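Enquirer: The listed protein sequences derive, respectively, from chains S and P.
For what it's worth, this note's numbering labels the leading residue of the first sequence as 1, then goes sequentially.
For what it's worth, this note's numbering labels the leading residue of the second sequence as 326, then goes sequentially.
Quick caveat, the hints were computed from the structure, so don't treat them as lab data.
In this text the structure is predicted, and so the values were computed from the model without any measurement.
Ideal Cβ placement from N, Cα and C applies to all residues, glycine included.
Just so you know, not all the hints are guaranteed correct.
Just the calculated beta-carbon pair ranges, DEER-fashion [to be verified]: (1) S:Asp56 x P:Arg362: 26 to 32 Å; (2) P:Ala347 x S:Lys86: 52 to 58 Å; (3) P:Ala401 x S:Asp30: 24 to 30 Å; (4) S:Glu157 x P:Arg362: 43 to 49 Å; (5) S:Phe236 x P:His499: 39 to 45 Å; (6) S:Met189 x P:Ser407: 54 to 60 Å; (7) P:Ala477 x S:Asp248: 50 to 56 Å; (8) P:Ala401 x S:Arg131: 52 to 58 Å; (9) P:Leu480 x S:Asp49: 32 to 38 Å.
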Amino acid sequence: MEIVCPAGTPAALRAAVKAGAHTVYCGFADETNARNFPGLNFDRDEMRDSIAFAHDHGAKVLIAINTYPRAGDEALWHRAVADAAKCRADAVILADIGLLAFAHQNFPELRRHLSVQAAAANADIINFYGRTFGVKRVVLPRVLTVPEIAAINAETEVETEVFVFGGLCVMAEGRCSLSSYATGKSPNMNGVCSPASHVEYHEQGGQLDARLGGYTIHRVGKGEPAPYPTLCKGCFTAGSKTGHLFEDPVSLNAEALMPQLQKAGVTALKIEGRQRSVSYVSQVVRNFRAAVDALDAGRAMPEGMLVRLSEGQANTTGAYRKTWR
Amino acid sequence: MSQPLDDIPIFPRLPARFLRVAPLAPVALALNRLARRVARSHPSMFRRMGPHAHARFEIDPTDLPFVIVIEPRGGAPLVALSRQPKPCDARIAGPLAALLGMVHGAYDGDALFFSRDLTVEGDTSAVLALRNAIDAAELDLGAELAEALGPASGLVRRLTEFGERRTGVALSRHEEIETW
Ligand code: SF4
Numbered sequence: 001m002e003i004v005c006p007a008g009t010p011a012a013l014r015a016a017v018k019a020g021a022h023t024v025y026c027g028f029a030d031e032t033n034a035r036n037f038p039g040l041n042f043d044r045d046e047m048r049d050s051i052a053f054a055h056d057h058g059a060k061v062l063i064a065i066n067t068y069p070r071a072g073d074e075a076l077w078h079r080a081v082a083d084a085a086k087c088r089a090d091a092v093i094l095a096d097i098g099l100l101a102f103a104h105q106n107f108p109e110l111r112r113h114l115s116v117q118a119a120a121a122n123a124d125i126i127n128f129y130g131r132t133f134g135v136k137r138v139v140l141p142r143v144l145t146v147p148e149i150a151a152i153n154a155e156t157e158v159e160t161e162v163f164v165f166g167g168l169c170v171m172a173e174g175r176c177s178l179s180s181y182a183t184g185k186s187p188n189m190n191g192v193c194s195p196a197s198h199v200e201y202h203e204q205g206g207q208l209d210a211r212l213g214g215y216t217i218h219r220v221g222k223g224e225p226a227p228y229p230t231l232c233k234g235c236f237t238a239g240s241k242t243g244h245l246f247e248d249p250v251s252l253n254a255e256a257l258m259p260q261l262q263k264a265g266v267t268a269l270k271i272e273g274r275q276r277s278v279s280y281v282s283q284v285v286r287n288f289r290a291a292v293d294a295l296d297a298g299r300a301m302p303e304g305m306l307v308r309l310s311e312g313q314a315n316t317t318g319a320y321r322k323t324w325r
Numbered sequence: 326m327s328q329p330l331d332d333i334p335i336f337p338r339l340p341a342r343f344l345r346v347a348p349l350a351p352v353a354l355a356l357n358r359l360a361r362r363v364a365r366s367h368p369s370m371f372r373r374m375g376p377h378a379h380a381r382f383e384i385d386p387t388d389l390p391f392v393i394v395i396e397p398r399g400g401a402p403l404v405a406l407s408r409q410p411k412p413c414d415a416r417i418a419g420p421l422a423a424l425l426g427m428v429h430g431a432y433d434g435d436a437l438f439f440s441r442d443l444t445v446e447g448d449t450s451a452v453l454a455l456r457n458a459i460d461a462a463e464l465d466l467g468a469e470l471a472e473a474l475g476p477a478s479g480l481v482r483r484l485t486e487f488g489e490r491r492t493g494v495a496l497s498r499h500e501e502i503e504t505w
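Pulled out of the complex, with its shape left as it was, chain S reads as follows (with noise of 0.2 Å):
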């Protein structure tokens, strides 16, 4: 299987490809990517130059341009495929009809994956982004288990992409408003969920509380390991009772599935993390391409170490094992 790895910055690429990527996604600095972080990013000047790098080193580079155009605003949008092509990018993901439709007409030769915040969750939407837009794979939204990603297989021609370790949006992909509803900026049309612009910490007697949008939502005692400031992972107090309302906050790892998921016909694994270190970066690509390399191989995976870089400083196997039913 191929592992699809974040790089946030030119050096989160160098040091993913150093670290075994076959794959490295990444996208501009501005709206037209759902990482759309202060300092982040890639101008087109290092754009051209990390996938010359990456092409040099034998791996791929995927540009997202998955959030969706503002009215008016379309330019921005096509203007990044276009530059895309230029930079000699192996594929665009892409989210928004209009924009597939877009590329699809004006840059055929330009490989398209279908982004997770299109969340296409069947095989008869995955088969008409196909038809349609010629479309070559899918990202498939964090909610589905790894039977009903093997009955999307057995029903489709395009490539499935799944989620394998990073931070976790609970939400079926792009239709989250919890964020727009705090901070009037959404993942899907600005790039950013919950911006760090209307995040605040105050941290007092060894008590972290974090507000966003001006609402307290989580207060953790001295040494307990924070959270992201995101509202899915907000922890809120309703009359006597004190709790997660969404989601804990924990952090997708499944590794351990990874050989149920090769048989289910998945072709690539995808790790979450564009906003993360080159640190962090490394050190998840290694732990991967190991663990591919070592099932390619038929051989027994390796112990993995990647708990303390988790947010929460812990891991689930998320939807693809639904205990809860």
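Since the structure of chain S is already known, use the hints to place chain P with the ligand on it.
Expert: Chain P with the ligand alone, transformed into the frame defined by chain S:
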């Protein structure tokens, strides 16, 4: 309970106590020269910070008796040391070894945050911009210092290596070994 990352070394108490009374001006002078040198060799770091390259940061090594105030000033950085907290746009606090380890790619900033080894306050965007810009620049303060000292560079490099072995603190950047 959070698990601290790989037992981050803490600056020894005795020298830290000495720093409570030692004059800070020579250290500030050296840090300013180093910052200007880094600015010359990594101009893209300031571009990457965008508007936040004009913010004022308080870096608080929690095991040292002073804070470091850094103003990137769009590429003409200014560094000051203070025994009192200063009004700043953002504050980043953690053991010196965690801060240096983050600069040199030995630790992941988010992981330090999850484990509570790192505290962030104030303008979170500015902190992210700084963190990402430093990470992208792949800084090596040990090498910068050695080069700045010209003829003494060999000695500084050896001292850095010795210091790293003795303390476990990432005083310089270690190149990735290509695995594949
Ligand atoms: S709030 Fe949570 S579920 Fe919603 S987009 Fe952000 S990370 Fe995803």
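Enquirer: Next step is simple, just say for each hint if it's right about the structure.
Expert: Hint check results:
1. For Asp56 of chain S paired with Arg362 of chain P, a C-beta distance near 31 Å keeps the hint of 26 to 32 Å intact.
2. Distance hint check: the CB atoms of Ala347 of chain P and Lys86 of chain S are about 56 Å apart, consistent with the given range 52 to 58 Å.
3. One distance hint, 24 to 30 Å for the beta-carbon pair Ala401 of chain P and Asp30 of chain S, holds here, with the actual separation near 27 Å.
4. With their beta carbons about 56 Å apart, Glu157 of chain S and Arg362 of chain P fall outside the hinted range of 43 to 49 Å.
5. Phe236 of chain S and His499 of chain P have their C-beta atoms about 43 Å apart, which keeps the hinted 39 to 45 Å range intact.
6. Met189 of chain S and Ser407 of chain P have their C-beta atoms about 42 Å apart, which leaves the hinted 54 to 60 Å range violated.
7. The hinted range of 50 to 56 Å is satisfied by Ala477 of chain P and Asp248 of chain S, whose Cβ atoms lie roughly 53 Å apart.
8. A hinted range of 52 to 58 Å for the beta carbons of Ala401 of chain P and Arg131 of chain S is consistent with their spacing of about 57 Å.
9. Distance hint check for Leu480 of chain P and Asp49 of chain S: the Cβ-Cβ separation is about 36 Å, which falls inside the suggested range of 32 to 38 Å.
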